[in-house]
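Peer 1: Could you put together the complete structure from these sequences and hints?
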Amino acid sequence: MTLQGRQLACSRGERHLFTDINFEIAGGDALRIAGPNGAGKTSLLRLLCGLSYPAAGQVLWNGQDIRKHREDYCADLIYLGHAPAVKDDMAAWENLQTSASLAGRSITRQAAWDALDAVGLDEIGHLPVRMLSQGQKKRAALARLWLEEKPRLWILDEPFTALDVQAVELLCRKMDAHLAGGGTVIYTTHQEIALKAGRKLTLQLGDALPC
Amino acid sequence: MLAALLAVVRRDLLLALRRRSDMVTTAFFFIIVVSLFPLGVGAEPDLLRTLAPGIVWVSALLASMLALGRLFAADHADGTLEQMLLSSEPLSVIVIGKVLAHWLVSGLPLVLLSPLLAIQFDLPGQSIAVLVASLLLGTPVLSLIGAIGAALTLGLRGGGALVSLLVLPLYIPVLIFGAGAVGAEASGIGASSHLLLLGGGLAAALVLTPWATSTALRIALE
Numbered sequence: 016m017t018l019q020g021r022q023l024a025c026s027r028g029e030r031h032l033f034t035d036i037n038f039e040i041a042g043g044d045a046l047r048i049a050g051p052n053g054a055g056k057t058s059l060l061r062l063l064c065g066l067s068y069p070a071a072g073q074v075l076w077n078g079q080d081i082r083k084h085r086e087d088y089c090a091d092l093i094y095l096g097h098a099p100a101v102k103d104d105m106a107a108w109e110n111l112q113t114s115a116s117l118a119g120r121s122i123t124r125q126a127a128w129d130a131l132d133a134v135g136l137d138e139i140g141h142l143p144v145r146m147l148s149q150g151q152k153k154r155a156a157l158a159r160l161w162l163e164e165k166p167r168l169w170i171l172d173e174p175f176t177a178l179d180v181q182a183v184e185l186l187c188r189k190m191d192a193h194l195a196g197g198g199t200v201i202y203t204t205h206q207e208i209a210l211k212a213g214r215k216l217t218l219q220l221g222d223a224l225p226c
Numbered sequence: 047m048l049a050a051l052l053a054v055v056r057r058d059l060l061l062a063l064r065r066r067s068d069m070v071t072t073a074f075f076f077i078i079v080v081s082l083f084p085l086g087v088g089a090e091p092d093l094l095r096t097l098a099p100g101i102v103w104v105s106a107l108l109a110s111m112l113a114l115g116r117l118f119a120a121d122h123a124d125g126t127l128e129q130m131l132l133s134s135e136p137l138s139v140i141v142i143g144k145v146l147a148h149w150l151v152s153g154l155p156l157v158l159l160s161p162l163l164a165i166q167f168d169l170p171g172q173s174i175a176v177l178v179a180s181l182l183l184g185t186p187v188l189s190l191i192g193a194i195g196a197a198l199t200l201g202l203r204g205g206g207a208l209v210s211l212l213v214l215p216l217y218i219p220v221l222i223f224g225a226g227a228v229g230a231e232a233s234g235i236g237a238s239s240h241l242l243l244l245g246g247g248l249a250a251a252l253v254l255t256p257w258a259t260s261t262a263l264r265i266a267l268e
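For the record, the sequence lines run as chains H and Z. The opening residue of the first sequence carries number 16 in the numbering used here; numbering runs sequentially from there. The opening residue of the second sequence carries number 47 in the numbering used here; numbering runs sequentially from there.
Read the hints as simulated data drawn from the structure, not as lab findings. Wrong hints could be hidden among the right ones.
Stated by the list, open to error - Chain Z stretches covered by chain H per the calculated footprint, using a threshold of three residues with CB under 8 Å from any CB of chain H:
(1) 56-68
(2) 118-129
(3) 132-145
The beta-carbon is built from N, C-alpha and C at its ideal position, and this holds for glycine as well.
Peer 2: As structure tokens, this is what we get:
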């Protein structure tokens, strides 16, 4: 399994965010997208998910264009974006169960609680998410990564923001386990984290030095 | 596929149940608008009996318009809509689920309230039955067509006003056949042709609009 980006370009109106991005990653690889604010990190991630279309170039998953094989690609993908994608009026476990069914991978109630247990939300998993703190909300969103059936490609946009030290450590170990199992992670972060990936790649967008 | 559909319906009904005020607002808007007409045009029983089907139908149109903004906006704001787009299930199935749940909480109450409001206008029993039947066939079409407008105006400034301009002209055929059914019944022609046309419209909307709505959603989120 490989994910390839070929000559990707993205523009917002007249402004070119980036052009000619090429990369290829396989199972066990971690790709970090780096760059200053506004360099187009989130735009690149959305483009890799297939949420938006590149101005030029294409994204290939196992050699096939993701836009032509959307359903196969989405079955292999977990994307966690800036927005937490949890419903304030529902409890954490309900959120987890519905988001799994929406993604086409139904889970049991027990599986949802096991995942919440793993991220340390087992005692407050029955409360409406609106009553949780930002960090707890983030944990509730990340709990999707702890569900049993694991899609092979994770695309995580700033997964470490709002998390405390223990949660950052917990997520790092989870990402390590995913990589060790042959999974692939693409992520953005401004924090320095140490992953045990087969290959650790960094894609630098924009100028490395702030002007 | 059916599991995803049911999951969406269950989720949206649960959310609506936890935010009952939205549901009640639409129903009360409908009741109040219908009740304003006798105050405006005067309490002449014959006149009101003639106007009743049109009044109830136009009010139902406006009330379902009012509810449209809620269809995708909340999911768009908290990021769950992105996750729906990334589902391995077809987006149109998810859209059908959302529209069905939306109709159950915003369209069906209008259908159930209409006999009471029709009595207020002194409509005969037969006409009331036809009115309810026409609303039962027509309001799902309103929700299905409205979903396209709601998806197209997602994230736009002043989307609420724009969606009315986009969608109200498309509601006109539903209004004509819906309100016309009661008139046809009263005049002795029989309402069946009008109701059959509404049913046909519902079948066509059920096939075509989910596809159009999913395309509009993909464009809106790009």
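Peer 1: Indicate, hint by hint, whether the structure satisfies it.
Peer 2: Outcome of the hint check:
1. Here's how the segment 56-68 of chain Z fares: 6 of its residues keep a CB closer than 8 Å to some CB of chain H, so the rule of at least three is met and the hint holds.
2. Here the segment 118-129 of chain Z counts 6 residues with a CB under 8 Å from a CB of chain H, which clears the bar of 3, and the coverage holds.
3. Counting residues of the segment 132-145 of chain Z whose C-beta sits closer than 8 Å to any C-beta of chain H gives 6, which meets the bar of three, so the coverage hint holds.
Hint check: no violations occur; every hint is consistent with the structure.
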